[in-house]
Amino acid sequence: MSLAEREPAPTPAAARRQALPRSLWIGAALSVVFVAAAALSFIWTPYPVDGMDIPARLQPPSWAHPLGTDHFGRDILSMIMVGARTSIAVALLAVGIGMVVGVPLGLAAAARKGGFLDEIIMRANDLIFAFPAIVIAILITAVFGASAVNAIIAIGIFNIPVFARLTRGGALSLWQREFILAARVAGKSATRISAEHILPNVANLLIVQGTIQFSLGILAEAGLSYVGLGAQPPTPSWGRMLADAQTMVSLAPHVALIPGLAIVLTVLGLNLMGDGLRDLLDPKVRKART
Amino acid sequence: MTKPLRLLAASALVLAAGLAPAWAQRTDVTVAMQLEPPHLDPTGGAAGAIDSVLYSNVFEGLTRFTESGEIVPGLAESWEISEDGLTYTFRLREDVTFHDGTAMDASDVKFTLDRARAEDSTNAQKQLFASIESVEVVDPRTVQVKLAQQDGMFLFNMAWGDAVIVAPESIGEIKSQPIGTGPFRFVEWVQGDRIEIARYEDYWGEAPALAEATFKFISDPTAAFSAMMAEDIDAFMAFPAPENLPQFEADPRFQVLIGSTEGETILSTNNAQPPLDDRRVRKAIAHAIDRQAIIDGAMFGYGTPIGTHFAPHNPAYVDLTEMSAHDPERARQLLADAGYADGFTTTLKLPPPSYARRGGEIVAAQLRAVGIETEITNLEWAQWLEEVFTNKNYGLTIVSHTEPMDIGIYARPDYYFQYDNPEFQALMEELNRTTDPDTRTEMLQQAQRIIAEDYVNGYLFQLAMTSVAKSGLRGLWANAPTQAVDLTGVYWED
Amino acid sequence: MLRYTLKRMASLAVSLAVASLVIFLVVEVAPGDPAAFMLGINAQPETVAALRAELGLDVPKWQRYLDWVGGMLTGDFGTSYTYRTPVADMIADRLQVSLPLALYALALSTLLAFPAGIYAAARRGKAGDLAVMGATQLGVAVPNFWFAMMLVLLFSINLGWFSAGGFPGWEEGLWAGMKALTLPAIALALPQAAILARVMRSSLIDILGEDFMRTARAKGLTRRQALWRHGVRNALIPVLTIIGLQFAFLLAGAIIIEQVFYLPGLGRLIFQSISARDLIVVESVVMLLVFAVIVVNFLVDLAYAAVDPRLRSRT
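Protein chains in written order, with the working numbering: chain A, 1 to 290; chain B, 1 to 494; chain C, 1 to 315.
Honestly, I wouldn't trust all of these hints.
As the list claims (entries may be wrong) - Okay, the calculated bits of chain B under chain C, using three or more residues with CB under 8 Å as the criterion:
#1 31-45
#2 117-126
#3 189-203
#4 214-226
#5 380-386
Don't read these hints as lab results, they were simulated from the structure. Everything numeric in this text was worked out from a predicted model, so none of it was measured. Glycine included, every Cβ here is placed at the ideal spot set by N, Cα and C.
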């Protein structure tokens, strides 16, 4: 598992155009299902999510429990619903950290290309990339304890260089454009130009990358909570459900199958949506690299 | 298949595999366990895995534990205790040699005991040697230990893995090349995978049936399950996933050994932290807990309910579980009496073993049912030791206290329970000076009652020892009076 | 070129120095004392103090940092607190598992990704392309630890073809070792293969649009001949870069997979050392991994700069 190994798949729009509506639709539909399930769980779940019924444990799917019960006899459907909430919250906030910190850094670096600040920011980015993400995440939780908040921070840190690089790359090409030159001649400061002209023009890039980092965040959260470093019980999380299921695989395969499928479908949905969005928003996006 | 055909097939197999003739007994065994020792010095670390591999197999002490927890002579064949109970004179066995060929004599015993209680000693159980005042070599086979005060536990203490006899000649390399006096000598340690030992031909006692043995370390429960099912290993001591045991029980290739450990699994409570410093609150917690649900839910039914901090298989045990029977109504009432009608919130910090993690989730649900909210934090052992054990920064935690006969920890007010009861402390002091067995039993029972009545901790269950072995393997210890996988009596049966 | 190389080397040195400081600080502030961990709950405070002194933990932190960095510069990674063996030996031991595993996974993912990517590029927009791209979408969405669990369920528990974990050691023979690494390698390779196939495909499609490809076609080569003779070779450069980075990732990133399969590799060593607070091992292993990635990046940059002088002006 890596938190930041993947840049947006550089897919030429021409090739994708034909598949565009379908991937966007499938992706959006899958994502909506999980977001809706998460939202619904605030007001209703089939069973209380921490309702234990030990004699009724490890039951396969049935009418009473559509996705079966876990090793404490809890309803897996209810746990998947609330778990979606955990995954979405962690991934979303981690993307937020990446954007809030990374985008201004990227803008600043691009505004003074080759300058001292640019050098520092890009070297720091390289450095973060060089760290094995999962090891650092484990260290962070070893220092500050395991919790959802620390998982968010750990994932968020690795989102920063992703957004910083992307913004810098996008902004650099914009700085060469006529309309920016015009603004400079008009005497606008670099900060103003960045905020008023550059940022709106890299927004599309950011949305697409945001979707992808969001799906990576869900994978990362699952991985961290699988090794026990994410949200703590009784808050359900898909990764911990998998960890709990590990020794039950031979007894009741569904307890390991279902949370895994939930992760796969959510991530798949978000990735498809990201691809679709990229084609929709900016057909010219090819390689978002510096 | 007809009989001759089967014989033919069998001998063909034997020939093909190039093995010993089919009628010979197997003399090797591969025993797996979950944890790997960090090093191989039983006298220099707390890790139970060190003793599991080496106790009785490679190293021996003056006395030793049997499977039932009795103390029998080890390297000392007999001893005399002076009238005042302060002088122990040990008579050592004859012709005992270390695996490097050097003789084991009284000077080695003196070296071992002096090293363990020295100022710069790194013995994890240094308190075992606290009562020793001096150790004298009388002659090569006689050693005299003088105690500063009477110590009813002295012979018991000398049976621990931390008190095994080591030699000054080999102490430097003991962590990687352990040299003891036991029936097996250390052969090889492939770190991360296994330790091999082999029969020591010059052993002073009866030679073991096994010629060689391999300890394999498999920490992952799924891997443990599949290794056992595939018969890659012959036995798994303390199998980590109780949920898989019924599958082994149903399989004629395997036997499941169920015994007891010295592990009292308790909901340790910070007796100094409000509102847990209120006996009524602790009593409410005790009544809120449904032990059977925890045993069923966390251990899949393996475990014996306890009502105090004492092993149920010990003759001195008193069953006090009724004092904290599951009664949520009563718990709510007690909370109201203590002024917490609306409940309160506390922390529940859980170390890694599954009894704690799973048990913790169940305890949290049961406490929530009477209005007590818990914030669960899962910790690694190092964090647990620092936060909970050393800094006492916790409300509740679940842990199994696996040291044998450790009720004395309740007499230490600075222990992490922070339980401070002078009456109990006085009782323990008296117990330490008492050697008469009947009086001791009486006092131990009184001690059990005091801590149960004070509801110091939530007493959950005695950890079961559940091991899986191939059906032909005999002589494995089902119980764990100490952390040991004693292979001296293990053999294969047809 | 020399100026550029020197500049990059200076920044490499600074990066490594910063990395070592960050690692040391993060690891050292983690709560938990290795000596207390080793001695357990019955240990007396003076025993813990004696062990700390024996382990050299009682000297000031800054001095330990300097000793550690100084040691590493001379190739001495220190001595593990728990195992009391040289850290360098432990790393060498664990690399015997991690290195072959990473190579195995990389070989599998390359074998899977190359044909898939080339096929998809050649059939761009057709059903075959869509099928491959759909499969890669699935591939990147599967958490590798869950995939590993499913592999264990199917191939170890139900079919009994592979053991569910553990590593017998190379002295048991090449076959036994490879067999033990097969399921972990598959679990690691699948998501990597999906990424690689996508890179291969898009890189190839980019190349196919270049002028020299049209020239090749104009010379009378068939589409297929042009694709193989000119396209694939030229598309390899970005693909090889990704492979290089993936390799560095696989060395460290196998940590969860090593955990699932109970493999005594580098990742598990980190995990064990963190939980035992064997600080020096954690520091040295993480430093080594960071070093590997930084150096790989450095070499990739140099290679690119050598090929394309324009890049030298870039920072």
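Structure-based check of all given hints:
no., hint, verdict
1, 31-45, "holds (count 3)"
2, 117-126, "holds (count 8)"
3, 189-203, "holds (count 4)"
4, 214-226, "holds (count 8)"
5, 380-386, "holds (count 6)"
When held up to the earlier numbered hints, the structure conflicts with none and fits them all.
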